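Novice: Here's the letter readout for the chains.
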Amino acid sequence: MLDITSLLEEIKQRPYTDLSIKTPHTGIIEFTDLNEGDKVKDASGEFKEIPGTKIAVITREKNPRFIHACQKGIIQKLHKQYDKQFVEAGVEIGVLRHFLSKEEVISILLQKALHLFRAPERAKYYFAPEADKKIKISGSRSITVTDGMELFIVSRMKREVPLTYHGPEGIIYQVYFKHNQNVDVNEPLIGICPPDQLQTIEDVISRVNHEWKEQI
Amino acid sequence: MEKQHKVLIANRGEIAVRIIQACCKLGLKFVAVFTQEDVHSGHVKLAKELGDDKSLYCISSYHDANEILSVADAAEATAIHPGYGFFAEDFRFARRVTERDRPLIFLGPSWRVIRELGDKINTKRIARSLNVPTVPGSDRPIYDESEAEKIARTLFDFQLQQGVEKPLVLVKASAGGGGMGIEEIHDIDLFRSVYRRIRNYAMRQFKDDGVLIEQRIKNFNHLEVQIISDRSGKNPVHFGTRNCSIQSTGLQKRIEIAPGFDPKTIQYTFDAEKVLNDIIEHSLALARKVNYDSVGTWEWIVTKEGNPFLMEVNTRIQVENGVSAAISKIKGKGGVDLIAEQIRTGLGEPLGYTQSDITFDGIGIEYRLIAEDTDNKFTPWVGDIENFTWEKAPWLSMHTHIPHVTKENPYTIPTEFDPNLALGIIWGPDLETAKQRGKEFLNNLVIAGSNAQGQSLKSNIPFLLKNTDRILKF
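Chains as they are written, first to last, in our numbering: chain A, 1 to 216; chain B, 1 to 474.
These are calculated hints, taken from the structure and not from any lab test.
Fair warning: this is a prediction, and the values are worked out from it, not measured in the lab.
For glycine and all other residues, C-beta sits at the position ideal for the given N, C-alpha and C.
Hints may contain errors.
Not the full set, but computed from the structure, chain B residues with beta-carbon under 10 Å of chain A [to be verified]:
#1 Asn66
#2 Leu69
#3 Asp73
#4 Ser146
#5 Val382
#6 Ile385
#7 Pro419
In isolation and in its complexed conformation, chain B is listed as follows (with noise of 0.2 Å):
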């Protein structure tokens, strides 16, 4: 890199210790941010070994712009690295910061790319005109009840000739979003009043009471394609395919798995092999058509009969990002990191590789390791973690903002944030090898701690385990 860049870490927890961490990769100084409520977090206690006197600064909110912009221009930083969620897919965010005074470098998508895939329904569209395939349904907002009617009809007919014993409809607040505005249908009968009270939701709540019209699809496997472009947008390569359906019953992920599918050793009921070549081939297309340049995830769902759909392109580096890279290989060369690649990338240098240079070795499982109570409804456990231990192995990776506890010296867990602790990454040269391999890690893992009542803490290492014998099966 010709300019000596430094990287504000708009971020905390586990995601901004892996930005600092490939920040000192590629040799750039960075700036870290923390509210008070994080103060003890490890990506702080990090941020203060590794930085100088200006890598870390107090804010208000990890929501508040002119936080981060301000501390950016105090810091004398020249890039941003928003990391999953807070500003990661906010295109009005991403262009303040490259069209301000001081212009920053917005390591994302421009602010242009985010905006037209952060539309659901642009993307959508985007998808059918390259004869990708999405959940059949509207395209764009419908505000006429007639045409309603006649998009769910023509979905319950669509699904009866697909054998379909069952058909479901979904009726979505196209304004909506995060579960809230969605009503599903399984008589036709029963549309209209369904439609007019999401309608009628939709106004009150989002000032637009247009409505999407979807198929609702059962028993899918919900996958993922990774890609990752240069600022160029014109060579975009893929870094495979995750498998997020073991999901809590929240529909939050809680186990991934890269590949996809795994038809050497499963019998799935379709061609699996080119179930991913085809998701792969459409992201790519997609990717291509939008001149995509940095890192991105690709949505899908898989139908039991191995149809996919895609669902949504998320515009940012996604939590999953490390299993990936575990089973990859650049030029014969593993230790893939792909932060490191986004923000190699981002500040402007060029891939440097192409599709025929990355290779796939083996299976990876990251495991979400979380306090809660999942017998509860998956409900957030907060207390002291006072014992946070695991055994090393050369096939596991660990990231977490989990300083190191004692009993004397515990962890908070603060309430204003996703419950996540750590992720374990596992690799094995086969599947049975890496389930295996993850029992062991699940079995050997300590997190204790207890909550001001002395109830111990509750994390879902049961259920992660229980689940371990259902990965990639469909």
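The shape of chain A in the complex, shown without the other chains (with noise of 0.2 Å):
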């Protein structure tokens, strides 16, 4: 049985990740006008069109490129001896530490109340067209899957394989992986909930939306 209170309060002692900001590409950084201690915005907008507090600017045959926050939080360090320096793909330019919003505690604590269903290999995933089409209309939770459905395609290396789901039945909760992405061995690529367990699940949510208080 799920202990929410215990994992809730786990969660309570430490409410934030520390997120290390990375350079996308190569190219000469410049850091705006920030500094350690202030806080930052992230996407917002109905469609997240409106990009996140601009950290550093880093440029590359002729074309500049922001680099924004990609959560909200409070920058904790900035590398500022790159400023001005050519910087490789990758590297960290500072950390932000981003305080968990509601969703992202469900999100936690959901992973621990779901069957999950794990990437056996590094590799891209996809749903099956079939799938695919009814999660784009009706979204994920409109499926039930059930063992031995043959439900993603895997792909890598320029090769494609069908992937059967082993499991409980139940519907597709969660989904882990995005599209076009590598996912890590024993990554998770779904969470399922198995119809006996739906009430456990709605707990989890009504608790953390009770008690959870957003900070920031």
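Hints in hand, dock the two standalone chains.
Specialist: Here it is as structure tokens:
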């Protein structure tokens, strides 16, 4: 049985994650006038069309590109020693402390409550055409999966092979992979909610909605 | 070389390793790039060992021209070697490299040559103007149904005249590639429906409904001619032929042999010596016509009757360049390195030798060692390599980007790239000895590992062993 109280307490002890801000590609980096301790906003708007706070601009081949805050939070560190320097791809230029939202807390708890079907290998994953079509129209929770169902297409090294779901029957409550992105081995692909667990899941959501106070 | 050059290697894996080695051989500085997935690759390790503090950069993608060029500037490179794949045959990239504010040398053919020969239809047109045989069919995209059907009927009739019992015609989307938008027809009455299907598909996918109609040739050998020319484009020479007919079910090469046939020990139903000479002469004629100015490969198919047809020209160094080098001598000296030759001449040095200075000796066999399940449609195997060893021999050269591995320190095969692990090149004074050495090499080779499910590594070694017996047989 899931002990929601103790899990919530555990998260409350450390209600944030420290996110590394990395360069998306090579180029000459220039920081904006942000400083450590400053608050930043994430992307907003109905379609997330308004970008988050500008942290730096990276220029290569005369093309400047802003590095925006991808989450709201507080700037913990800025590695200003790189200012106006050429940097490689994937270099950490700062650290952002992001305080967990209700949705994120629910997601953490659901990973413990749902049956997780994990990636058998590092690859890109797609839903099989039939399931994909249904999910696009009615959402993932419209799909009930059963053991032995051909649910995914695994794509790696230009080859595609089908992947069968194994596990309890239930609805796809959460989808953890993104289109065209690699998933590491053993990372969860989907979270399944068996019919008899639905009440537990709803309890989790209800508790978080009532108890979690968002910071910043 | 008058100027001290620095070569940026816009590639990864085995070819990056070999370009680093070629640069060092020529006394040139280099700069290598890698993505996060390749952080443990041998080319990264070698760049750290042999380079200076501006010899290795992490980039976001090998496909991003901006990344490559920004590193070239930061590292003060003067030339870019594209290797094979990625930007190797992209004339726009080659043009951008040479025509930007801070121009660099593109170590491949000039962009005009890449553009001219990169277009298969254009290659066919130039070839036909020189009476070089090409696969029978249209030499331009066809947009008219009646014209397309007329060509298809001619091809059916031509094959019947040639004694082909079951003639086949290919209908291909002109703008397609990689096997997309191709169907074969065995009955001319079905032509119109297939033509319309492909035309509509081509319009949807490529916004161009041009269609090519070609003869489908079955039961053929895949041959290649290795050409090199300096920047003058006036004096191309060849480094012989290769036979690349042993392929996977997906038509990917697995064993390459130089030369393309061995009429000394194998009886062919046609004059193999003449076929080899003919494809060499045709390839050189085409190279002269376009002022070819780098390393390149002319790909041919040769039918059971010994009729050669030019398929395409690959305007780059190929994976299998080493097997041609293995049997070649320049002015009597072995140890030919076609990658170093490409760099040297690409930077402006004259070739320095003529065809009469190039001689050939023995047989070369190249095995592509790949982690794959050959019994299951050659599906790539992914996991950790924990042991990779082979017995050294004077007749063997191994090219690999797999670093030294142990069970405790394995190498994880990245899933983002082609699954090639290594190339093993065998030399023998004659075909029998080469085959025998090839088998000895494969039998002593150890590639072991396991995946996340604890399953053992699957490699293509049994497939390579089995197929060694049929090398060069037609």
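Novice: Tell me if the interface restraint on Asn66/B is satisfied: Cβ within less than 10 Å of some Cβ in chain A.
Specialist: holds (4 Å)
Novice: Answer holds if the nearest beta-carbon of chain A is closer than 10 Å to that of Leu69/B; otherwise answer violated.
Specialist: Hint on Leu69/B: holds, closest Cβ of chain A at ~5 Å, below 10 Å.
Novice: Was the hint right that Pro419/B lines chain A, CB cutoff 10 Å?
Specialist: holds (5 Å)
Novice: May I ask you to test the interface hint for Asp73/B with respect to chain A, counting a Cβ-Cβ separation under 10 Å as satisfied?
Specialist: holds (8 Å)
Novice: Taking the closest Cβ pair, is Ser146/B under 10 Å from chain A?
Specialist: At about 37 Å, which exceeds the 10 Å cut-off, the nearest Cβ of chain A leaves the hint on Ser146/B violated.
Novice: Is the interface hint satisfied for Ile385/B? The criterion is a beta-carbon contact with chain A at less than 10 Å.
Specialist: Hint violated; Ile385/B Cβ to chain A Cβ min 15 Å, cut 10 Å.
Novice: Using the nearest Cβ pair, does Val382/B come within less than 10 Å of chain A?
Specialist: Hint holds; Val382/B Cβ to chain A Cβ min 6 Å, cut 10 Å.
Consistency note: the structure conflicts with the earlier hints numbered 4, 6.
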